[in-house]
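Engineer: Sequence:
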Amino acid sequence: MNSIPHGGYHWDGFHQPFFEGWYYRITLPDPASFAFMYSIQQPGGGATQVYGPGESYFCRSFPHVTTFWAWSDAWGLGHTDTVNFRTLLNPSQFFRQVNQGYQATDRLNQGQLKHPNGEVIARWHYEIKPIQTWGHQQATAGWLSYLPLYDPGWQVLLAHGLASGWIQWQGKTYEFDQAPAYAEKNWGQSFPTQWFWIQANAFGNHPDLSLTAAGGVRQILAWEEPAGLIGIHFQNQFYEFAPWTEAQLAWEVTPWGSWSMTGISKTYRAEITAHCPHPPAKILVPTAQGMIPACWDTLQGFLILRLYDRDTLIFQATTKQAGLEVGGVPWPTTWSHFHSKAMTEGAALDH
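Residues in the sequence shown are numbered from 3 upward in steps of one, following our numbering.
Hints in this document: simulated from the structure, not taken from any laboratory. Just so you know, not all the hints are guaranteed correct.
What the hints assert, rightly or not - Straight-line alpha carbon distances no greater than 25 Å define the calculated SDA-like cross-link-like pairs of lysine to any residue that follow:
| hint | residue 1 | residue 2 |
| --- | --- | --- |
| 1 | K322 | T175 |
| 2 | K322 | P279 |
| 3 | K116 | L91 |
| 4 | K174 | S63 |
| 5 | K268 | I316 |
| 6 | K322 | D32 |
| 7 | K284 | T195 |
| 8 | K116 | F87 |
| 9 | K322 | S166 |
| 10 | K131 | N92 |
| 11 | K322 | Q172 |
| 12 | K131 | N238 |
| 13 | K284 | H117 |
| 14 | K116 | G47 |
| 15 | K322 | S58 |
| 16 | K116 | W71 |
| 17 | K322 | P132 |
| 18 | K131 | F236 |
| 19 | K116 | E177 |
Said to hold, decoys possible - Label-pair ranges, simulated between beta-carbon atoms:
| hint | residue 1 | residue 2 | range |
| --- | --- | --- | --- |
| 20 | K284 | Y310 | 48 to 56 Å |
| 21 | N119 | E57 | 17 to 25 Å |
| 22 | E57 | T320 | 36 to 44 Å |
| 23 | T289 | H339 | 20 to 28 Å |
| 24 | K174 | F97 | 13 to 21 Å |
| 25 | N119 | Q191 | 34 to 42 Å |
Ideal Cβ placement from N, Cα and C applies to all residues, glycine included.
Let the hints inform the model, and build the full structure from the sequences given.
Structural biologist: Listed below in structure tokens is the structure:
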């Protein structure tokens, strides 16, 4: 797992501004979900955001970049409010040595956050059994993601895993065993000017099914273009609809509440429809001006996914615990992008 593409910390120690962010998600059967979001900005410091059941939310800043650490060649990071431990602590000693902070790898997510009055708001410790990274241990954004072309970079670190442990959140303890887990990261100068995101890996009748899909207006050198991606892991197969597979991608996403996306390759077709009837939580995202509330999110979306082999239905799956998101500059009406051929990697290099 530690050899996963882009698993290590990307900052070269010189270029600024720069951010890197990590996202861990746990889906519990209550139904309840938690998302842990860790970020570091050079300069500017770090932040930890926890997003819990019922759109509950808490954020704590860690302004000192000197107390942040991350491995450059593997997936591992941590940030505390006082001391730079420089590497992973023994999990059994973490809460004794750390007042506030976190440590996280491909196998572990652990941390503690407090209110300014000293009250513990969130404490968590769970271990992760990785099952599926992304495709065949490949870069989510293709081989061009290793070149300084796209901003930001994006990598699904864990498309599907099983987590066991506990989370204490706002006075309640959640214990779980082999709950669906997911993780991803992004890095660069700032988030896209606008984007949407869809994620689910808790489908009741299909325990090995995982979906990640997204679309956005991404920066490529000096220009911008819309781009999208759908990735489906199912029964040890990976179905990818992306620019480098020459898939056709289309979507219709409202300012909030409705997501529809289709991907068509030479052999397969994926159809996603999702909605959320309740208001979203507001999440902070990194920009060149610092962390700002420019992301709207739910972990309680209703989603239907259909996958076809040409016109033959392979499966239909539903969940009421989809992660759904919009972000960036709000669009006033439905954002529609129709079946134009996605840009290939070769075309990107020809510009």
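Engineer: Now tell me, hint by hint, if it's right for this structure.
Structural biologist: Going down the list of hints, with the structure as the test:
Note on K322 and T175: the hinted pairing holds, with a Cα-Cα distance of about 22 Å set against a maximum of 25 Å. For the given pair, K322 sits about 12 Å from P279 by alpha-carbon distance, which is consistent with the 25 Å threshold. Distance restraint check for K116 and L91: the Cα-Cα separation of roughly 20 Å lies within the 25 Å cut-off, and the hinted pair is therefore satisfied. Between K174 and S63, the direct Cα distance comes to roughly 23 Å. Compliance with the 25 Å bound is thereby established for this hinted pair.
Using a Cα cut-off of 25 Å, the hinted pair K268 and I316 holds, with the two alpha carbons roughly 15 Å apart. With a CA separation close to 11 Å, the supplied pair K322 and D32 stays within the 25 Å bound. The straight-line distance between the Cα atoms of K284 and T195 is roughly 16 Å, inside the 25 Å bound, and the hint therefore holds. Among the hinted pairs, K116 with F87 is consistent with the structure: their alpha-carbon atoms are about 20 Å apart, no more than 25 Å.
For the given pair, K322 sits about 21 Å from S166 by alpha-carbon distance, which is consistent with the 25 Å threshold. Simply put, K131 and N92 have alpha-carbon atoms about 18 Å apart, close enough for the 25 Å limit, and the pair holds. Between K322 and Q172 the alpha-carbon distance is near 23 Å, which keeps this suggested pair within the 25 Å criterion. A C-alpha spacing of about 16 Å is found between K131 and N238, which places the hinted pair at or below 25 Å, so the restraint holds.
A C-alpha spacing of about 19 Å is found between K284 and H117, which places the hinted pair at or below 25 Å, so the restraint holds. Proposed proximity of K116 and G47 is supported: the alpha carbons are some 18 Å apart, at most 25 Å. For the proposed pair K322 and S58, the alpha carbon gap of about 18 Å is at most 25 Å, so the pair holds. Distance check on the hinted pair: K116 and W71 sit about 21 Å apart at the alpha-carbon level, within 25 Å; holds.
A distance of roughly 23 Å separates the Cα atoms of K322 and P132; the hinted pair therefore holds under the 25 Å criterion. Between the alpha carbons of K131 and F236 the distance comes to roughly 18 Å, so the proposed pair stays at or under 25 Å and holds. At most 25 Å may separate the alpha-carbon atoms for a hinted pair to count; K116 and E177 meet this at roughly 20 Å. Between K284 and Y310 the C-beta distance comes to about 36 Å, which lies outside the given range of 48 to 56 Å.
For N119 and E57, the hinted distance range of 17 to 25 Å is satisfied, since their beta carbons lie about 23 Å from each other. Between E57 and T320 the CB atoms are about 21 Å apart, so this pair departs from the stated range of 36 to 44 Å. A hinted range of 20 to 28 Å holds for the C-beta pair T289 and H339, which are about 23 Å apart. For the hinted restraint 13 to 21 Å between K174 and F97, the CB-CB distance of approximately 18 Å keeps it satisfied.
As the Cβ distance of N119 to Q191 is approximately 36 Å, the hint placing it in 34 to 42 Å holds.
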